[in-house]
Each structure stands twice: as C-alpha cells, then as structure tokens.
Amino acid sequence: MATEYPSEPRDHFLPPALSAPFEGRTWREFGYLLLSLPISIAFFTFAVATVSMGAGLLVTFLGIPVLAAGLAGCRGFGALERARARGLLRLDVGDPSPVRARKSGLMSWVGAVLKSGTSWRHFLYAMLHFPWAVFAFSVSATFWFTGWGLLTYPLWRWTFPRYLDEPGISLYGDSDGTRFYLDTPFEIGATAAVGFVLVLATAWLIRGLTWVDRLMVAGLLGPSTLDTRVVELESDRGVVVDTAAADLRRIERDLHDGAQARLVALAMDLGLAKEKLAEDPQAAARMVDEAHGEVKVALQELRDLARGIHPAVLTDRGLDAALSAVASRCTVPVTVEVDLPSRPAPAIEGIAYFTVSELLQNVSKHAQARRATVDVWRSRDRLMLQVTDDGRGGATLPVGGWAAGSAGSGLAGLAERLDAVDGILALDSPAGGPTTVTAELPWRG
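Converting from the sequence shown to our numbering requires adding 44 to each position, the first position being numbered 1.
Since the hints were made in silico from the structure, they are not lab data. Be aware that one or more of the hints could be misleading.
[What the hints assert, rightly or not] Simulated DEER-style distance windows between Cβ atoms:
1. F179 - T203: 29 to 37 Å
2. G131 - S96: 26 to 34 Å
3. L158 - D425: 33 to 41 Å
4. K147 - G120: 19 to 27 Å
5. F105 - E67: 49 to 57 Å
6. F179 - E381: 53 to 61 Å
7. K147 - G107: 20 to 28 Å
Since we're looking at a predicted model, the values are computed, not measured. The beta carbon of each residue, even a glycine, is placed where N, CA and C say it ideally should be.
Construct all of the structure, not just a fragment, from the sequences and the given hints.
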C-alpha cells in the first residue's frame, strides 16, 4: 500500500506553471534523481554480484545460502529506497511482509527467502531501476544545469573575457575561423529567456521522471496485493469480532435490565396474588390484572429485542417492508423508496437494514428534522443506501456525534461495520442542513 502525501498548500503570486521551478517539491525530486544514480549503481552491482555468485555456486552447497543472502540484501536496499521515497517524494510505501520461516534454523530461513515473491521483486527492481536511473539522471541534470546556466548567463558572462579572452558563449564557428558569440545585450537577454523556458520545462520534466520512480517503488518494493488484502481482512475480522461482542453485551444488558427484571417482578406479584386469593379475592384480582399488563410490556420488549437481533419481516418480505416498518417508528415522517430487481445476499441485507435503522435513529435523536427520505437501489454489483433529512446538519464523520456536541450517534462505528464488508459510508452535512448519508455495500457478501 502506497500513500502520497501532498505538500502543504501555499499561496503563490505566480500560477503553478511559473512557480513550479521554485517550489520545494521540484528541488526535492531533483535531489532524488541525482541520488538515484549512485544508489542504483550500488544496488545493481550488489544484486548482480551476489545473485550471479549464488547461481554459479549452485553446484555446491554454498550456492543456495549465497543466493538467499543476496536476496536478503536486496530487501535491505529496498528499505533504503522506501525511506528515500518517503523523505524526498513524500510517498509513503508500506513495508512488505517479513520473511516467515516455518521452522527455526538457517536452512529454513534460506528456503523462506528463496520462496518469497517479495525478495524477487526487490531483485527485479534493482535490474530495472539501474538503466532508468542512468537515463533520468542524465536527462534531468542536463536540462537542469543548462536551463539555470542560460537563465543566469547575464550574471556570469564576465568570466569569458576575463579568464578565456572571449566575449561570451560561442555558438558555432565557420570554416574560415569566424566564430559567433552571444555578447550583445539582445543576445544575452535572448539567452536568458531561453534559459527561463528551459527552467520551467525542466520542473515538469522532473515531475514526469519521478512519476515513473513512484510507480516502480510502489509496485515492486511495497507489499503485494495479497499481503495488503490479508492485512485488511485481519483488520476487518477484528471489527466484526468486536461488533459481535458488543451486540451480545447489548442483548444481555437489555434482557437483564428489561424483560428479565419484569418477569422476576411478575413472578413475585403472582406469588402474592396467590397468597391473597383466599383472604382478599378483590386485591388478588387487581394484582393479577397488573401482572397481565406487565406480561404485555415484557412481550413487547422481547419483540423489540428480537427485532433488534434480526427482524422476521426482513427475512420474510425483504428490505422494502422491513425499512417501511423502521420508518413508521421514526419520530419524523419518512418516505421510503426501494428499487431492487432482486434481494441481495442475506448478510448484506441485514447490514443494510441495521444501517438505515441506525441512521433513522440519529435523525430522531439529533437532527431536529421535519422529514426524511430513504432511497435504496442497485448500481451494478453494489447496493446503494441514502438517508436524507432537512435537519440542522453539522454532522461529522468519523469522530464526534451526529451534530456538533452530540455524541453517541454511532457514525464512526457504523463506518467501521461497513468497511468490514468492503462497504463505504459518505457524509454530506453542511451547517444548517440538509444532511445526506450515503452507504455503499457489495451486492453479494
């Protein structure tokens, strides 16, 4: 994974085309190209020498360890190149996965190095970067010093008559010995103008050359696509595990503080009613009637809890009916539009339901809206959700609440849940509203 950090924005009086030669980025990138030549020579020489020696010694026992040592050294040079790209190109390339030997011991490590595709990619970088570094160094240095030399020609022309006994730069000479010099005021000014054009062009030429270096460093010295995907899956697995644990704690808390407490109180009331049945039938009847009401409340809490785990209407009738039921419980009028040709994967359908449910809860609690809309549609292989309200706006993502100063909206946690299934959560909530939250999920999990 590679991340390019942009330079800090600064206000320039000149347009970018004219200010580029004087920006720090141009000088850093030119320094990168100058350093590339000696470093690439050392890298190329080491890689060729060690790998060739190891290949030549394969007929003996020493060949394989020497070859592995050469590849390990290439990984060391790769770390240097990533640090150089980070410092001069502002390109942060992640470290590739380390060599993991299945068993302890030298030969196990040697086998792991030789089997590592990352090690061979570092060797390939050494082979490819050397000729490119020679080309980039030659081109950039030629244009750079020629451009600045011509631009500053009026400042150092005096050296010609003093030390060379010539009036200025000699462009060409005729066969009869006549030579043409740039020594008149017009010619000196024209030379500086040509140098200025070269300086401007060189800045953008250097950016083009370092763009190739960025591709090579990110593509050959960074983690592979498989390694990056493994890291993402490990992170997503952690989010899923934490989310499941939080849901279990919430269900246990709701059962303990809600329905379970009511059922315990109900059992106690029925016990008292049983004792009073013979002595005071009317009091017992009142207690039974109160217990009947408690049963209804407990049943409703159990239904709400079951709906929070996975609503039956979602399984039976799909997102349209389930989201309409959620919208009917919102404190503001909600318009629901679901346009799906078929039903997505059950897991994705459940995440979509809880996403909309969470967003509508935020509308009820924090948005101070008068109405809201929910739109659900399919775009190629993605399920799109959009919740819009006309409330006060000012929501932030991922840190903070639904609006400024209102914590507990759960937008950060919601974004993590979607990211765990390769989903995306986007928020547009200017101060004063309206607020639009768009969620994107894979159609099949």
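To see whether the hints hold, each was checked on the structure:
Between F179 and T203 the beta carbon distance is about 32 Å. The supplied range of 29 to 37 Å therefore holds. Checked against the hint of 26 to 34 Å, the pair G131 and S96 passes, with Cβ atoms roughly 31 Å apart. One distance hint, 33 to 41 Å for the beta-carbon pair L158 and D425, holds here, with the actual separation near 39 Å. Separation of K147 from G120 is about 23 Å and conforms to the stated range, judged on CB atoms against 19 to 27 Å.
Between F105 and E67 the C-beta distance comes to about 55 Å, which sits within the given range of 49 to 57 Å. The hint said 53 to 61 Å for the Cβ distance between F179 and E381, and at roughly 58 Å that hint holds. A hinted range of 20 to 28 Å for the beta carbons of K147 and G107 is consistent with their spacing of about 21 Å.
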